[in-house]
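Protein sequence lines, in the order shown, are assigned to chains H and G.
Numbering-wise (this note's numbering), the first sequence opens with residue 1 and increments by one.
Numbering-wise (this note's numbering), the second sequence opens with residue 1 and increments by one.
Honestly, the hints are just simulated from the structure, not real lab data.
All C-beta atoms, glycine included, are put in the ideal place defined by N, C-alpha and C.
Any given hint could turn out to be false.
[Unchecked claim] Chain G stretches covered by chain H per the calculated footprint, using a threshold of three residues with CB under 8 angstroms from any CB of chain H:
{"hint": "1", "region": "132-139"}
{"hint": "2", "region": "412-418"}
{"hint": "3", "region": "472-478"}
[As the list claims (entries may be wrong)] No farther apart than 30 angstroms at their CA atoms in a straight line, the calculated lysine-lysine pairs in the DSS-like style are these:
{"hint": "4", "chain 1": "H", "residue 1": "Lys201", "chain 2": "G", "residue 2": "Lys177"}
{"hint": "5", "chain 1": "H", "residue 1": "Lys178", "chain 2": "G", "residue 2": "Lys386"}
{"hint": "6", "chain 1": "G", "residue 1": "Lys399", "chain 2": "H", "residue 2": "Lys126"}
{"hint": "7", "chain 1": "H", "residue 1": "Lys201", "chain 2": "G", "residue 2": "Lys396"}
{"hint": "8", "chain 1": "G", "residue 1": "Lys105", "chain 2": "H", "residue 2": "Lys20"}
{"hint": "9", "chain 1": "G", "residue 1": "Lys105", "chain 2": "H", "residue 2": "Lys38"}
{"hint": "10", "chain 1": "G", "residue 1": "Lys548", "chain 2": "H", "residue 2": "Lys102"}
{"hint": "11", "chain 1": "H", "residue 1": "Lys201", "chain 2": "G", "residue 2": "Lys490"}
{"hint": "12", "chain 1": "H", "residue 1": "Lys126", "chain 2": "G", "residue 2": "Lys548"}
{"hint": "13", "chain 1": "G", "residue 1": "Lys399", "chain 2": "H", "residue 2": "Lys201"}
{"hint": "14", "chain 1": "G", "residue 1": "Lys409", "chain 2": "H", "residue 2": "Lys20"}
{"hint": "15", "chain 1": "G", "residue 1": "Lys255", "chain 2": "G", "residue 2": "Lys601"}
{"hint": "16", "chain 1": "H", "residue 1": "Lys178", "chain 2": "G", "residue 2": "Lys255"}
{"hint": "17", "chain 1": "H", "residue 1": "Lys201", "chain 2": "G", "residue 2": "Lys548"}
{"hint": "18", "chain 1": "G", "residue 1": "Lys399", "chain 2": "G", "residue 2": "Lys490"}
This is what each chain is made of:
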Amino acid sequence: MISEDSKAIILLCTRMVLDKNSEVQPFTLSEWNALAKKIASSNYQRPGSLFGETMEGLVEGLQISTDQAARTVHLLGFARRLGFEFERLESTGIWIITRADKDYPQKYKERLKEKSPAVLFGVGEKTLLNQAGVAIVGSRNITENEQSFAEMIGNSAAYNGMVVFSGGARGVDITAMKNAIEGRGCSVGLLADSLERAIRKPEYRRALLNGDMALISPYGTNTGFSVGAAMGRNKLIYGLADYAVVVSSDHKKGGTWAGAIEAMKYKWLPVFVRQHEQMPLGNQALIQMGGIELPDPLPVAVKDLKKWMDEQKEVWQESSILSTNFKQGSLF
Amino acid sequence: MNQDYQKALTYLRKMLGEKAVFRDGQWETIDMIANRKKKALLVQRTGWGKSLVYFLATKLLREQDSGPTLLISPLLSLMRNQITMAERIGVAAETINCENLDQWKQVENNLMTDKCDILLVSPERLNNENFQRALLPVISAKVGLLVVDEAHCISDWGHDFRPDYRRIIRIIHYLPKGVPVLGTTATANNRVVEDIKSQLGDDLLVIRGPLVRTSLRLQNITIRSRADRLAWLAQNINKFPGSGIIYCLTVHDTKLVAGWLQKNNIEAVAYYGGVENREELECGLQKNEFKALVATVALGMGFDKPDLGFVIHFQRPGSVIAYYQQVGRAGRALDRSYGILLNGDEDDEIQEYFIKTAFPPIAVTQDIVSALEKSEGMTINQLLSKVNVSFSMAEKALKLLEIESVVQKEKDKYYRTANPWRPDIERIEKVTLQRELELQQMKDYVGYSGCLMEFLERALDDIWPKPCGICSNCKKKGLSAEVHEHLHVKACDYISNWPVEIKPKTRLPVGVLLEGRGVSLRDLKIKPGRALCYYGDSGWGKLVQKGKYEDNYFSDKLVGASADLIVNKWNFDAKAPKWITAIPSRRRPELVYNFAGRLGKVLNLPFVPVFDRFAEAPEQKGMQNSAMQARNVLNSLKIIKEPLADPVLLVDDIRDSGWTLTIAGKLLVESGCEIVFPFTLASTSKG
Chain H
1 MISEDSKAII LLCTRMVLDK NSEVQPFTLS EWNALAKKIA SSNYQRPGSL FGETMEGLVE
61 GLQISTDQAA RTVHLLGFAR RLGFEFERLE STGIWIITRA DKDYPQKYKE RLKEKSPAVL
121 FGVGEKTLLN QAGVAIVGSR NITENEQSFA EMIGNSAAYN GMVVFSGGAR GVDITAMKNA
181 IEGRGCSVGL LADSLERAIR KPEYRRALLN GDMALISPYG TNTGFSVGAA MGRNKLIYGL
241 ADYAVVVSSD HKKGGTWAGA IEAMKYKWLP VFVRQHEQMP LGNQALIQMG GIELPDPLPV
301 AVKDLKKWMD EQKEVWQESS ILSTNFKQGS LF
Chain G
1 MNQDYQKALT YLRKMLGEKA VFRDGQWETI DMIANRKKKA LLVQRTGWGK SLVYFLATKL
61 LREQDSGPTL LISPLLSLMR NQITMAERIG VAAETINCEN LDQWKQVENN LMTDKCDILL
121 VSPERLNNEN FQRALLPVIS AKVGLLVVDE AHCISDWGHD FRPDYRRIIR IIHYLPKGVP
181 VLGTTATANN RVVEDIKSQL GDDLLVIRGP LVRTSLRLQN ITIRSRADRL AWLAQNINKF
241 PGSGIIYCLT VHDTKLVAGW LQKNNIEAVA YYGGVENREE LECGLQKNEF KALVATVALG
301 MGFDKPDLGF VIHFQRPGSV IAYYQQVGRA GRALDRSYGI LLNGDEDDEI QEYFIKTAFP
361 PIAVTQDIVS ALEKSEGMTI NQLLSKVNVS FSMAEKALKL LEIESVVQKE KDKYYRTANP
421 WRPDIERIEK VTLQRELELQ QMKDYVGYSG CLMEFLERAL DDIWPKPCGI CSNCKKKGLS
481 AEVHEHLHVK ACDYISNWPV EIKPKTRLPV GVLLEGRGVS LRDLKIKPGR ALCYYGDSGW
541 GKLVQKGKYE DNYFSDKLVG ASADLIVNKW NFDAKAPKWI TAIPSRRRPE LVYNFAGRLG
601 KVLNLPFVPV FDRFAEAPEQ KGMQNSAMQA RNVLNSLKII KEPLADPVLL VDDIRDSGWT
661 LTIAGKLLVE SGCEIVFPFT LASTSKG
């Protein structure tokens with residue numbers, strides 16, 4: 001069952017039950033962060049307590065403008081529509097989690113902090129989001145060498161019991177996820193487009209039904225509604241993982257590059273970069289900027305890959321200051 | 001409270017007239033819903049005034065500024081009278097159905113601007129994708145009362161469980177707290193009530209009234225053969241007052257009975273799900289324009305005619321509850337009305353068939369699910385070319401899967417959802433067992449020697465069951481089962497002359513391609529054919545069965561009857577067949593050829609075999625849908641000798657799907673034969 005807090009967040013931050021041409025807009029992520037802080041420090045404490053509150057009450061209780069208060073009351077007023085919409089989503093197998101839920105990936109809150117998406121839509125095995133794993137990323141267009149490296153890494157991750165986090169795009173993403181599943185492992189795909197369409201793809205279906213896979217998206221379930229302020233998908237992939245492997249990256253452009261730079265800058269996790277004599281310029285640059293070399297072929301046997309990566313991680317950790325821990329519920 | 005009561009009473013009188021008063025339970029229920037916002041289940045007989053309760057409750061709720069009422073009912077078309085009544089107290093009703101798509105926008109506007117007080121929707125509509133996207137959000141944002149009509153359909157145990165109702169339960173669970181819910185039904189025994197309670201919540205209040213009909217005279221009469229039951233009807237029907245309903249188990253029987261009564265100068269018409277002028281027929285019965293409407297259960301819940309003189313069952317229904325609901329339509333406002341249950345030989349077979357086919361076989365459902373799993377969405381026809389299942393069974397399975405959220409329908413395509421599925425064998429077994437018990441109880445009723453009304457009341461868990469004093473068992477007299485000899489002969493003759501037409505196929509199923517010239521079936525000169533009888537029917541049907549499976553020889557009687565039909569009862573438009581050919585079989589090579597040869601001798605036409613089977617295909621009757629059937633024949637039949645150009649009589653023993661005859665006909669025409677007239681001894685499809 002969906003909690004009152006989550007209902008409030010969904011109503012305030014998504015277009016899920018809003019009319020298409022509604023003049024009142026849902027809160028953007030930064031607007032919501034500001035409001036969330038006020039709620040937490042007010043007598044309301046939780047977003048769920050806002051239901052049934054009047055505009056005047058909110059102005060008084062939250063110290064916000066009448067405009068903001070009116071907007072809040074208006075958006076929360078659609079609560080009755082949620083039931084039917086939840087039922088509809090549930091019947092396709094889609095679930096929703098918000099920052100107020102226990103199942104919400106804790107790593108996002110730790111790493112992305114206020115940039116964590118307020119609402120995630122998903123399908124498949126929810127618990128995979130909080131499991132240990134490796135983000136495998138790279139370009140859409142890859143060489144044969146890169147293709148077989150992605151296959152091998154996906155497979156090895158499965159062999160070593162690590163969930164593969166990836167983007168579901170063609171190229172490295174799909175290759176790695178597919179090989180993780182084929183290696184009897186698990187994978188989580190962060191999609192940039194419609195979940196409802198992805199569910200219908202036969203290639204994902206078996207794994208989803210077997211509980212070996214989850215697909216998530218911050219962008220809502222179909223084109224009709226999307227989260228106000230969604231952030232780059234690459235962050236969300238790195239955000240869930242314990243290690244990252246960059247198979248191939250363009251130089252100074254593209255999502256892979258930007259995501260890797262960001263992950264290294266904020267020291268979310270150790271970023272391994274495929275090292276090969278024919279590697280692209282992007283890989284070379286990332287290694288120079290602090291990426292950990294991951295030689296192709298691997299320096300150790302597949303079964304020892306995790307152990308090897310952990311050793312590298314320890315070295316990396318000594319030079320890094322880890323992000324502060326968030327307590328559950330301190331950010332909703 | 002007193003004030004509320006007075007107000008409600010004033011409205012009641014506006015609807016029904018100056019002297020109207022509440023029946024026991026009506027005001028209590030209204031009060032419970034409108035003022036105390038409870039969940040209630042109203043179990044009252046048809047005609048008691050259940051609709052009055054929700055119209056008045058809606059009125060009171062609207063005065064308290066509540067949102068509109070959402071009424072879910074399978075019987076919208078029959079509610080016109082009630083809607084007119086509601087208008088008298090200013091309750092504006094809107095209906096959403098498949099026929100008024102163009103008005104949806106208007107309805108939506110009326111909902112938005114708060115001009116609609118009660119929205120009537122069928123359960124099927126509720127599951128409709130367009131409705132869910134366009135209107136459901138609007139109404140769900142403010143629904144003030146949810147009414148579920150015929151609430152027994154929620155229950156698996158109900159004789160009339162409808163999968164669409166399962167969705168309703170889920171929606172109720174998502175309703176905001178404080179929205180009152182009212183379920184209504186006329187037929188629910190304790191078991192069903194308990195089941196509804198367990199699904200709608202223990203806080204459901206049950207208001208139950210007596211279901212007994214004090215003027216209804218019941219009698220059960222066993223007459224084994226269909227023909228004698230027909231004779232009985234012709235002999236007795238004019239003894240009953242006014243107009244009535246004759247219920248049959250199959251569409252075929254409604255046509256048979258109606259045709260027979262017409263032949264005997266009794267005004268009767270057949271009524272079934274697919275009949276064209278349904279509304280007109282209902283109206284005609286209302287106005288006593290004919291003696292009897294001969295109907296399947298399609299003439300179902302909610303049909304309200306207070307002066308219905310009689311309800312006769314031509315065959316025995318599957319459960320006491322279903323029977324009571326049907327017979328209970330008789331004589332609400334009459335001092336004397338009749339409920340006669342005829343029953344005979346075919347009843348068991350038909351009922352067992354119903355029970356057997358109530359759920360799609362698990363293996364079939366599994367095949368459907370896995371076919372969908374491998375696809376990116378399929379139409380039902382695409383699915384049929386992959387899975388060996390009949391259209392209607394596939395439809396049934398998909399419906400259930402859709403309700404279980406295993407499958408999703410969008411436009412005309414079905415998609416596998418991301419919800420896991422495993423067949424609910426336990427539930428199927430449980431319900432099947434229950435149906436068998438209900439059937440047994442119905443058989444017990446037929447043979448019961450005590451008061452019949454009391455038996456029904458007990459079965460329905462009515463409050464005070466007691467002997468009625470007017471049924472044939474209480475009175476120890478009733479109508480005789482005997483029929484006049486001349487009617488018996490006439491009825492036998494009628495049945496054996498009942499024309500069984502074989503309609504030519506005009507389209508190949510999706511997914512099956514014909515090789516070669518690509519002649520469309522529509523252009524082929526295959527004429528409508530005939531069968532001597534329906535397979536297994538008393539009369540010729542049994543003889544065919546015996547000939548095929550016991551004697552491996554079709555008797556001379558069948559040859560004679562076939563020749564009689566072909567010569568005397570079939571109009572060939574001057575293009576009568578000049579020769580005979582037949583469908584070969586590897587399994588029983590002699591059977592049909594032998595029959596066709598003898599038929600040729602009697603008709604004085606040459607018998608010329610032209611076909612061969614080049615492979616022994618699986619039996620055609622094992623193929624469950626047209627794609628499979630057509631493919632099966634295409635893979636096994638070929639012409640080995642050039643046919644004559646003259647019109648031909650194409651003979652086979654039993655027509656199952658019609659694809660064998662169609663493909664054989666096509667081969668004949670393509671090889672130069674002018675016209676093909678199919679003929680079979682029996683046809684398995686009815687209706």
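Right, here's what the structure says about each hint:
Counting residues of the region 132-139 of chain G whose beta-carbon sits less than 8 angstroms from any beta-carbon of chain H gives 3, enough to reach three: the coverage restraint holds. Requiring three or more residues with a Cβ within less than 8 angstroms of a Cβ of chain H, the coverage given for the region 412-418 of chain G holds, as 4 such residues are present. Given a C-beta distance limit of less than 8 angstroms, the hint that chain H covers the region 472-478 of chain G is violated, as 0 residues qualify and 3 are needed. For a cut-off of 30 angstroms, the pair hint linking lysine 201 (chain H) to lysine 177 (chain G) is broken: about 38 angstroms separates their Cα positions.
For the suggested pair lysine 178 (chain H) and lysine 386 (chain G), the alpha carbons sit about 27 angstroms apart, so the restraint of at most 30 angstroms is met. As the CA atoms of lysine 399 (chain G) and lysine 126 (chain H) are separated by approximately 28 angstroms, the hinted pair is consistent with the 30 angstroms bound. The suggested pairing of lysine 201 (chain H) with lysine 396 (chain G) holds, with an alpha-carbon distance near 25 angstroms, which does not exceed 30 angstroms. Under the criterion of a C-alpha separation no larger than 30 angstroms, the hint pairing lysine 105 (chain G) with lysine 20 (chain H) is consistent with the structure, at around 15 angstroms.
Using a Cα cut-off of 30 angstroms, the hinted pair lysine 105 (chain G) and lysine 38 (chain H) is violated, with the two alpha carbons roughly 41 angstroms apart. Under the criterion of a C-alpha separation no larger than 30 angstroms, the hint pairing lysine 548 (chain G) with lysine 102 (chain H) is inconsistent with the structure, at around 69 angstroms. At roughly 63 angstroms between alpha-carbon atoms, lysine 201 (chain H) and lysine 490 (chain G) are farther apart than 30 angstroms, so this suggested pair is violated. Note on lysine 126 (chain H) and lysine 548 (chain G): the hinted pairing is violated, with a Cα-Cα distance of about 60 angstroms set against a maximum of 30 angstroms.
Between lysine 399 (chain G) and lysine 201 (chain H), the direct Cα distance comes to roughly 22 angstroms. Compliance with the 30 angstroms bound is thereby established for this hinted pair. Only pairs whose Cα atoms come within 30 angstroms are accepted, and lysine 409 (chain G) paired with lysine 20 (chain H) is accepted, the gap being roughly 23 angstroms. Restraint check: the Cα-Cα separation between lysine 255 (chain G) and lysine 601 (chain G) comes to about 35 angstroms, which exceeds 30 angstroms; the hinted pair is violated. At roughly 59 angstroms between alpha-carbon atoms, lysine 178 (chain H) and lysine 255 (chain G) are farther apart than 30 angstroms, so this suggested pair is violated.
Of the supplied pair hints, the one linking lysine 201 (chain H) and lysine 548 (chain G) is violated, its CA atoms being roughly 49 angstroms apart against a limit of 30 angstroms. Between lysine 399 (chain G) and lysine 490 (chain G), the direct Cα distance comes to roughly 44 angstroms. Violation of the 30 angstroms bound is thereby established for this hinted pair.
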